[in-house]
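Q: Here is how the chains run, residue by residue.
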Amino acid sequence: GAVVSQHPSWVICKSGTSVKIECRSLDFQATTMFWYRQFPKQSLMLMATSNEGSKATYEQGVEKDKFLINHASLTLSTLTVTSAHPEDSSFYICSASASASRGTDTQYFGPGTRLTVL
Amino acid sequence: RKEVEQDPGPFNVPEGATVAFNCTYSNSASQSFFWYRQDCRKEPKLLMSVYSSGNEDGRFTAQLNRASQYISLLIRDSKLSDSATYLCVVNPKGAGNKLTFGGGTRVLVKP
Chain A
1 GAVVSQHPSW VICKSGTSVK IECRSLDFQA TTMFWYRQFP KQSLMLMATS NEGSKATYEQ
61 GVEKDKFLIN HASLTLSTLT VTSAHPEDSS FYICSASASA SRGTDTQYFG PGTRLTVL
Chain B
119 RKEVEQDPGP FNVPEGATVA FNCTYSNSAS QSFFWYRQDC RKEPKLLMSV YSSGNEDGRF
179 TAQLNRASQY ISLLIRDSKL SDSATYLCVV NPKGAGNKLT FGGGTRVLVK P
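Chains as they are written, first to last, in this note's numbering: chain A, 1 to 118; chain B, 119 to 229.
Calculated from the structure, these hints are not laboratory results.
This one's a predicted model, so the numbers in the text were calculated from it and none came from an experiment.
Hints may be right or wrong, so weigh each one.
Claimed, not checked - SDA-like, lysine to any residue: derived pairs with alpha carbons at most 25 Å apart:
#1 A/Lys-64 to B/Asn-209
#2 B/Lys-228 to B/Arg-177
#3 B/Lys-216 to A/Met-45
#4 B/Lys-216 to A/Thr-75
Said to hold, decoys possible - In silico contact screen, one side only, chain A against chain B (beta carbon under 10 Å); selected entries:
#5 Thr-106
#6 Tyr-108
#7 Phe-109
Said to hold, decoys possible - Pair by pair, the computed Cβ-Cβ distance ranges are:
#8 A/Asp-65 to B/Leu-164: 29 to 35 Å
#9 B/Lys-120 to A/Trp-10: 28 to 34 Å
#10 B/Gly-212 to A/Leu-68: 25 to 31 Å
#11 A/Met-45 to B/Ala-138: 22 to 28 Å
#12 B/Pro-229 to A/Glu-63: 44 to 50 Å
#13 A/His-7 to B/Ala-135: 38 to 44 Å
#14 B/Gly-127 to A/Pro-86: 28 to 34 Å
#15 B/Ser-167 to A/Gln-42: 22 to 28 Å
#16 B/Asn-130 to A/Trp-10: 28 to 34 Å
#17 A/Leu-118 to B/Asp-125: 32 to 38 Å
#18 B/Lys-197 to A/Leu-68: 39 to 45 Å
#19 B/Glu-123 to A/Glu-87: 24 to 30 Å
We put the CB at the ideal spot given by N, CA and C, even for glycine.
Assemble the whole structure, with the sequences as input and the hints as a guide.
A: Below, the structure is given as structure tokens:
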């Protein structure tokens, strides 16, 4: 099956610093990548949808200037949490959707990145 | 009202028993439905898609009731390894590839 990786798998940082999370599709080209956030005992909440070569579409209530998303190639998307604060501590998960020839609504999830902001 | 609602559980299930639980969705135009499994501190993994006629995959059976806007998952002959949180996921019509996740139903299978 399709494989999606994320790096790092966990990160601890000081308040005020920026953290970059990478999401890669390893064996397929992802036309669309999604970024989710999951707080403890809650469900996944979609933060933004990114298409290769274009600006990301953010969900309501998600600050685009705080969560910078770059989708420079068909296999890589990055999420940068700028000026992180303790309330940004969460489990960040990306998913990648393959091109139309492989189905339009199958999302393959990365293993997630656990962010802790001190 | 949440778009996708689930009983959070936990459902405590004796090993070998059958457990079933539902999920309701609010958007009647939703077109794709899935059950995902999520283990503690891990990413969700697709368990099975849910088709209109219902479908079975081994010990797992999924049903869709469009009239009442719910889907169900039944697990037969529960194994200890079935302990997880089961996420109901819906792809609303017109949302492209976006998925809406329910809060999950926690299942604990005990010896």
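Q: Could you check if A/Tyr-108 really has its C-beta closer than 10 Å to a C-beta on chain B?
A: holds (8 Å)
Q: Given a hint of 28 to 34 Å, does the C-beta separation of B/Gly-127 and A/Pro-86 actually sit inside it?
A: About 29 Å separates the Cβ atoms of B/Gly-127 and A/Pro-86, which means 28 to 34 Å holds.
Q: Holds or violated: the 22 to 28 Å window for the beta-carbon distance between A/Met-45 and B/Ala-138?
A: holds (27 Å)
Q: Against the range 24 to 30 Å, how does the distance between the Cβ atoms of B/Glu-123 and A/Glu-87 compare: consistent or not?
A: Roughly 26 Å apart at Cβ, these two residues keep to the hinted range, so it holds.
Q: Has the hinted range 38 to 44 Å been met by the Cβ atoms of A/His-7 and B/Ala-135?
A: holds (41 Å)
Q: Quickly compare the C-alpha distance for B/Lys-216 and A/Thr-75 to 25 Å and report which way the hint goes.
A: holds (19 Å)
Q: Using the Cβ atoms, figure out if B/Lys-197 sits within 39 to 45 Å of A/Leu-68.
A: Given about 43 Å between the Cβ atoms, the range holds.
Q: Against the 25 Å threshold, does the CA-CA distance of B/Lys-216 and A/Met-45 hold or violate the hint?
A: Status holds; Cα separation ~11 Å.
Q: 28 to 34 Å was suggested as the range; check whether the CB atoms of B/Lys-120 and A/Trp-10 agree with it.
A: For B/Lys-120 and A/Trp-10 the Cβ distance comes to about 29 Å; the hint holds.
Q: Hey, does the A/Phe-109 contact hint survive, CB to chain B under 10 Å?
A: Holds. Min distance 4 Å.
Q: When the nearest CB of chain B is found for A/Thr-106, is that gap smaller than 10 Å?
A: holds (8 Å)
Q: Quick check on a hinted range of 25 to 31 Å for B/Gly-212 and A/Leu-68, using CB atoms only.
A: holds (27 Å)
Checked against the numbered hints above, the structure breaks none of them.
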